[in-house]
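J.: Sequence:
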Amino acid sequence: MLTVASDIEVLARFGRALADPIRCRILLALRAAPAYPADLADALGVSRTRLSNHLACLRDCGLVLTVPDGRRTRYELADERLGHALDDLRTAVVAVETDRTCPDAEDRGCC
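Throughout the sequence shown, residue numbering follows the numbering used here, covering 24 to 134 in sequence.
Just so you know, the hints here were simulated from the structure itself, not pulled from any lab data. Each residue gets a CB set at the ideal place from its N, CA and C atoms; glycine is no exception. Among these hints, one or two may not hold up.
Ranges between beta-carbon positions, derived for each pair [stated by the list, open to error]:
1. G93 <-> G38: 15 to 25 angstroms
2. L51 <-> D83: 15 to 25 angstroms
3. R39 <-> G106: 25 to 35 angstroms
4. I31 <-> D102: 14 to 24 angstroms
5. R94 <-> S29: 31 to 41 angstroms
6. D30 <-> R82: 17 to 27 angstroms
7. A101 <-> A66: 14 to 24 angstroms
8. I31 <-> S70: 27 to 37 angstroms
9. D102 <-> D65: 17 to 27 angstroms
10. D30 <-> D92: 27 to 37 angstroms
11. D30 <-> A66: 28 to 38 angstroms
12. A56 <-> G93: 12 to 22 angstroms
With these hints in hand, go ahead and build the complete structure from the sequences.
T.: What follows is the structure, given as structure tokens:
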């Protein structure tokens, strides 16, 4: 039973990370290449403070890690398989209407 609980926790963490559009954009940017926070903030058009909060969330979820680089810290995906998973997720949902949410969105608080 412990394995199932662990699997559920991993998926919940991944879902939590993907629940915010800025975190999705960060993950997609890091999928392309490791980056420094200041460069990510500029590329995504968000403040460094806001980016820092999202990077902390992604670190806590175990999806990104920091790599010391002299006096700077670089961020990258924690595992290259995450890049493949992001690609698979992006292409798995092929027929999404941009003006629609789940039918139960209001009742269940999803989407």
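J.: The structure should be examined with respect to each hint, and the outcome stated for every one.
T.: These are the hints, each one checked on the structure:
Separated by about 35 angstroms at the C-beta atoms, G93 and G38 break the suggested range of 15 to 25 angstroms. Against the hinted window of 15 to 25 angstroms, the Cβ-Cβ separation of L51 and D83 comes to about 19 angstroms, which satisfies the hint. With their beta carbons about 19 angstroms apart, R39 and G106 fall outside the hinted range of 25 to 35 angstroms. Remark: the range hint 14 to 24 angstroms for I31 to D102 is upheld by a beta-carbon distance near 19 angstroms.
Look at R94 against S29: about 37 angstroms separates their beta carbons, and that is inside 31 to 41 angstroms. As the Cβ distance of D30 to R82 is approximately 21 angstroms, the hint placing it in 17 to 27 angstroms holds. Range check, A101 to A66: Cβ separation about 20 angstroms, and the 14 to 24 angstroms hint holds. Taking the beta carbon of each, I31 and S70 are about 34 angstroms apart, inside 27 to 37 angstroms as hinted.
Taken as a hint, the range 17 to 27 angstroms holds for the pair D102 and D65, whose Cβ atoms sit roughly 26 angstroms apart. One distance hint, 27 to 37 angstroms for the beta-carbon pair D30 and D92, holds here, with the actual separation near 34 angstroms. In this structure, D30 and A66 meet the distance hint of 28 to 38 angstroms, their C-beta atoms being roughly 33 angstroms apart. Range check, A56 to G93: Cβ separation about 18 angstroms, and the 12 to 22 angstroms hint holds.
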